[in-house]
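> Heads up: the protein sequence lines correspond to chains Y and H, in order.
To convert, note that position 223 of the first sequence is 222 in numbering that gives the first Met the number 0; the numbers rise steadily by one, no gaps.
To convert, note that position 130 of the second sequence is 129 in numbering that gives the first Met the number 0; the numbers rise steadily by one, no gaps.
Hints in this document: simulated from the structure, not taken from any laboratory.
Be aware that a few hints might be false.
Each pair may be met inside one copy or between any two copies, as identical chains are not told apart.
Quick list of in silico lysine to any residue cross-link-like pairs, SDA-like style, CA-CA up to 25 Å [claimed, not checked]: (1) Lys386 with Gly217; (2) Lys209 with Gly26; (3) Lys380 with Gly217; (4) Lys347 with Leu197; (5) Lys347 with Gly58; (6) Lys213 with Ile111; (7) Lys205 with Leu11.
Given the structure is predicted, the values throughout are model-derived calculations rather than measurements.
Protein chains: 2
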Amino acid sequence: MALELTFVPALLVILVAAGLGRLLSKGLRQPVILGELLLGIILGNLIILSTTGPSAAEGPISGIAEIGILLLIFSTGLGLNFEEFKRLEVASSIVAVSGVILPFILGYLAAIYFGFSHLIATFVGISLVATSVGVKASILTELRMLRTRLGTLIMGAAVIDDVIGVVMMSIFITVVATGAIPLGEISLLIILTILFFLISLTAGIKLFRKLSEKITVGRESLLLLGLVTVLAFGLITTEIGLAAIIGAFIAGLVIGQTHFARGLREHISLIGGGFFIPIFFVWIGMNFDFGAFTTVGTFAAVLVIVAIIGKVVGCGLGAKASKFSDRESFAVGIAMMPRAGVELILIKLGLDHGIIGADIASAILVMVIITTLITPPSLWKALKMIKNKKEV
Amino acid sequence: MALELTFVPALLVILVAAGLGRLLSKGLRQPVILGELLLGIILGNLIILSTTGPSAAEGPISGIAEIGILLLIFSTGLGLNFEEFKRLEVASSIVAVSGVILPFILGYLAAIYFGFSHLIATFVGISLVATSVGVKASILTELRMLRTRLGTLIMGAAVIDDVIGVVMMSIFITVVATGAIPLGEISLLIILTILFFLISLTAGIKLFRKLSEKITVGRESLLLLGLVTVLAFGLITTEIGLAAIIGAFIAGLVIGQTHFARGLREHISLIGGGFFIPIFFVWIGMNFDFGAFTTVGTFAAVLVIVAIIGKVVGCGLGAKASKFSDRESFAVGIAMMPRAGVELILIKLGLDHGIIGADIASAILVMVIITTLITPPSLWKALKMIKNKKEV
Numbered sequence: 000m001a002l003e004l005t006f007v008p009a010l011l012v013i014l015v016a017a018g019l020g021r022l023l024s025k026g027l028r029q030p031v032i033l034g035e036l037l038l039g040i041i042l043g044n045l046i047i048l049s050t051t052g053p054s055a056a057e058g059p060i061s062g063i064a065e066i067g068i069l070l071l072i073f074s075t076g077l078g079l080n081f082e083e084f085k086r087l088e089v090a091s092s093i094v095a096v097s098g099v100i101l102p103f104i105l106g107y108l109a110a111i112y113f114g115f116s117h118l119i120a121t122f123v124g125i126s127l128v129a130t131s132v133g134v135k136a137s138i139l140t141e142l143r144m145l146r147t148r149l150g151t152l153i154m155g156a157a158v159i160d161d162v163i164g165v166v167m168m169s170i171f172i173t174v175v176a177t178g179a180i181p182l183g184e185i186s187l188l189i190i191l192t193i194l195f196f197l198i199s200l201t202a203g204i205k206l207f208r209k210l211s212e213k214i215t216v217g218r219e220s221l222l223l224l225g226l227v228t229v230l231a232f233g234l235i236t237t238e239i240g241l242a243a244i245i246g247a248f249i250a251g252l253v254i255g256q257t258h259f260a261r262g263l264r265e266h267i268s269l270i271g272g273g274f275f276i277p278i279f280f281v282w283i284g285m286n287f288d289f290g291a292f293t294t295v296g297t298f299a300a301v302l303v304i305v306a307i308i309g310k311v312v313g314c315g316l317g318a319k320a321s322k323f324s325d326r327e328s329f330a331v332g333i334a335m336m337p338r339a340g341v342e343l344i345l346i347k348l349g350l351d352h353g354i355i356g357a358d359i360a361s362a363i364l365v366m367v368i369i370t371t372l373i374t375p376p377s378l379w380k381a382l383k384m385i386k387n388k389k390e391v
Numbered sequence: 000m001a002l003e004l005t006f007v008p009a010l011l012v013i014l015v016a017a018g019l020g021r022l023l024s025k026g027l028r029q030p031v032i033l034g035e036l037l038l039g040i041i042l043g044n045l046i047i048l049s050t051t052g053p054s055a056a057e058g059p060i061s062g063i064a065e066i067g068i069l070l071l072i073f074s075t076g077l078g079l080n081f082e083e084f085k086r087l088e089v090a091s092s093i094v095a096v097s098g099v100i101l102p103f104i105l106g107y108l109a110a111i112y113f114g115f116s117h118l119i120a121t122f123v124g125i126s127l128v129a130t131s132v133g134v135k136a137s138i139l140t141e142l143r144m145l146r147t148r149l150g151t152l153i154m155g156a157a158v159i160d161d162v163i164g165v166v167m168m169s170i171f172i173t174v175v176a177t178g179a180i181p182l183g184e185i186s187l188l189i190i191l192t193i194l195f196f197l198i199s200l201t202a203g204i205k206l207f208r209k210l211s212e213k214i215t216v217g218r219e220s221l222l223l224l225g226l227v228t229v230l231a232f233g234l235i236t237t238e239i240g241l242a243a244i245i246g247a248f249i250a251g252l253v254i255g256q257t258h259f260a261r262g263l264r265e266h267i268s269l270i271g272g273g274f275f276i277p278i279f280f281v282w283i284g285m286n287f288d289f290g291a292f293t294t295v296g297t298f299a300a301v302l303v304i305v306a307i308i309g310k311v312v313g314c315g316l317g318a319k320a321s322k323f324s325d326r327e328s329f330a331v332g333i334a335m336m337p338r339a340g341v342e343l344i345l346i347k348l349g350l351d352h353g354i355i356g357a358d359i360a361s362a363i364l365v366m367v368i369i370t371t372l373i374t375p376p377s378l379w380k381a382l383k384m385i386k387n388k389k390e391v
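Okay, chain Y solo, but in the shape it has when bound:
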């Protein structure tokens, strides 16, 4: 019960790094997230703070980082244009599916070419499927393009893509671990996912709308209510077998359709942007393990290229098929490049089950780091060109 402030120094260092990262980004005219990632890398890999191994700082700070990603995705859902989101449902699905198929095939073929087994090749293919939602959510928000048609398409496709990635991963791991195709589990996961989306976006919206019409809450209580909702939705999706960020996104969509939306969007953007989200990105940078670069060779390089081409071409073609312009389709592809959340769980499961060795794990880790680092500047540029053209 005594207030042991062991983690305050670590938190202070991370917050200062986040501040410096912002200044760096502004100086370089780059998105805030790039500076935060870079400062995180400097902290975690070059200077002082280590988050691997039992460290006093790790518990609390990884907890805060977790809230950070949930709040980022929640505020994205809150800020989204729901009508546009529904209109673009088909287009988002096309982009997501074509951005799943091509990277999977390319990854599979690359691994086969390098002499790996079909099992490992399938694993590598799956590792290229899911995109990282956080990076593009942060940049779209910073450029105020979340409510545009393009922003809506990107976020919609990203969430669908993430769901597909998680489902593929669950199926693959269960098949390898049990030797049988878990038809029951797969059906259950898919049914629960569909049910969750349907109930949330119909009855959920109605319920929260009524609540928002009936009660008036102060700003602190509103924030508390919002946080309870995002955590509860995150917990539900985790229990179903999806990622918590899917729940956070749906929570945002649901509350976004109520009278709570405006106040809560402001509050969450403040508390998220001024504390939790910078900590999340610095922490991600700190956890980039550059040790992975020392042991990998050509295969990692090929994997990076395949990861980029897979999404840029796959998602780009999907967007083009949905009548987006060349420039917009390219931006969609760029937005889908970064990998993070699902891939890292996949690596862990792959190692735990003895499916892959350190070589493949390192190669995928290198792919994750590079795609995450090149996305902010390139997406920033691609979106700015579109924005400037429209403003002219």
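Dock chain H against chain Y, hints included.
What follows is chain H alone, placed relative to chain Y:
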């Protein structure tokens, strides 16, 4: 790096408890903090969540609670009327000192009467010295009485009282541990404390004032800047040997004199009141160890009475001597009743050094729990009577 959401369920439960605590308080027309403490007690002692022992939830949640108390005290410093604070410097010191001497003497005598040694009696006396700043800060803020003459006196006296408590504890523990009076260390602690206060409240204010005139920052960056400042000040006071909350308070006073004050006060009250501070009070309730009640007897009951009388009479007389009304002086005494932060560190040090046994530790713990629980309703009532009288 994978987002293991093990602590999300625990956080969710605590936030729901905080929300229910608020509703309970409103229903009972009591301060918010009382409901939060009670719900925390229910969670920690009766139902599910345990924070003792290695729990997945403990690290992150105790970290968030730590930030909570720092933000509460920071926003108190931010909200204080600095001119009034300086005017009441002497009165605050009188209240603090008379509220230190009487409880110490009463505690000492009580222990001697019950047959304990002089060493233990001194320890018990010291355990009654420091007041808990959080409880009154929360209630004064909720009643919007922080900027009144009475609120300023209470906060000023509480901070001085806390400094005295920490200094006495450090001296006592060092004397017992080393067998010598650490004149060098004592002088250093006192010199550093005075230097810190002086530099912060002169050069510190000037520096931050200049900064606030020169740069304009967005709301997220302002929040980030405020958080960095409060953590840095907390770290400095911890390094000196004081409590981190002293640094947080001074940080608030300093920034309170700049152009940043207004925006930051709003931001901190939102992020604190809507997230960190409720978690702190629920967590405090969860950590109340009611096991202490099963082993103690008459001595604990006497200690509780002595703790209450010591502060109510000691501080009350001090306020009376400074020309506050009877009713106000009584409220000052009530406000000083709760003990928490310093006492709990003292118990731990006492046990570690073999100065006290489980009996004395339990008695002090019971005193901490009871004084903390009776203060919110009684202070609430005492302050409301003063407020209503003035408004008539």
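> Hint by hint, note whether the structure agrees.
Evaluated hints:
1. Lys386 with Gly217: between (37 Å within a copy, 22 Å between copies)
2. Lys209 with Gly26: between (46 Å within a copy, 22 Å between copies)
3. Lys380 with Gly217: between (40 Å within a copy, 23 Å between copies)
4. Lys347 with Leu197: Neither. Shortest intra-copy (32 Å) and inter-copy (53 Å) distances fail the 25 Å Cα cut-off.
5. Lys347 with Gly58: both (19 Å within a copy, 23 Å between copies)
6. Lys213 with Ile111: Answer is neither; intra-copy 60 Å and inter-copy 60 Å both fail.
7. Lys205 with Leu11: between (42 Å within a copy, 23 Å between copies)
Hint compliance for this structure: hints 4, 6 are not met, and every other hint is.
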